[in-house]
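Using the sequences and the accompanying hints, generate a full structural model.
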Amino acid sequence: MDLFVPDVLEEGCVTRQALERLAVKWRVLLIYALADGPQRPARLRRRIPGITPKMLTETLRGMEADGLVIRRVYKVEPPQHVEYALTELGETLREPLAAICDWARKHTP
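The numbering of the sequence shown is our numbering, which starts it at 1342 and goes up by one.
If you're looking for bench data, these hints aren't it; they were derived computationally from the structure.
Hints may contain errors.
In silico lysine-lysine, BS3-like type, Cα no more than 27 Å apart, as pairs [stated by the list, open to error]:
#1 K1395 with K1416
#2 K1366 with K1395
#3 K1395 with K1447
Beta-carbon label-pair distances, calculated as ranges [to be verified]:
#4 D1377 with E1399: 17 to 25 Å
#5 E1418 with A1445: 40 to 48 Å
#6 Y1415 with H1448: 36 to 44 Å
#7 A1440 with R1388: 31 to 39 Å
Computed from a prediction, not measured in an experiment: that's the story for all the values here.
Cβ coordinates follow ideal geometry from the N, Cα and C atoms, glycine included.
What follows is the structure, given as structure tokens:
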């Protein structure tokens, strides 16, 4: 089987664009956290040490705009009950990210 290697150095390459979106510092960690199912922002902050509330909100909004997560509001009036979950598109990242984890385990002394 031949491995397709796109020209990721070209600005218009869709693979480059996808890599740039996933390379945002907290996105991959949020995908891992949300792989366990829908979660509220407070739980995500507890699970991902170092992420600030502002950065969590900004990152989740960007992921929502890219179609990777969905935001569900269960209670409109304060205090709101909001949960985030992976979309079908977001779920497709589980396998490639698991492959990266497997690679890291095999190649880290």
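Self-check item: Hints violated by the structure (numbers, ascending)
Solution: 3, 7
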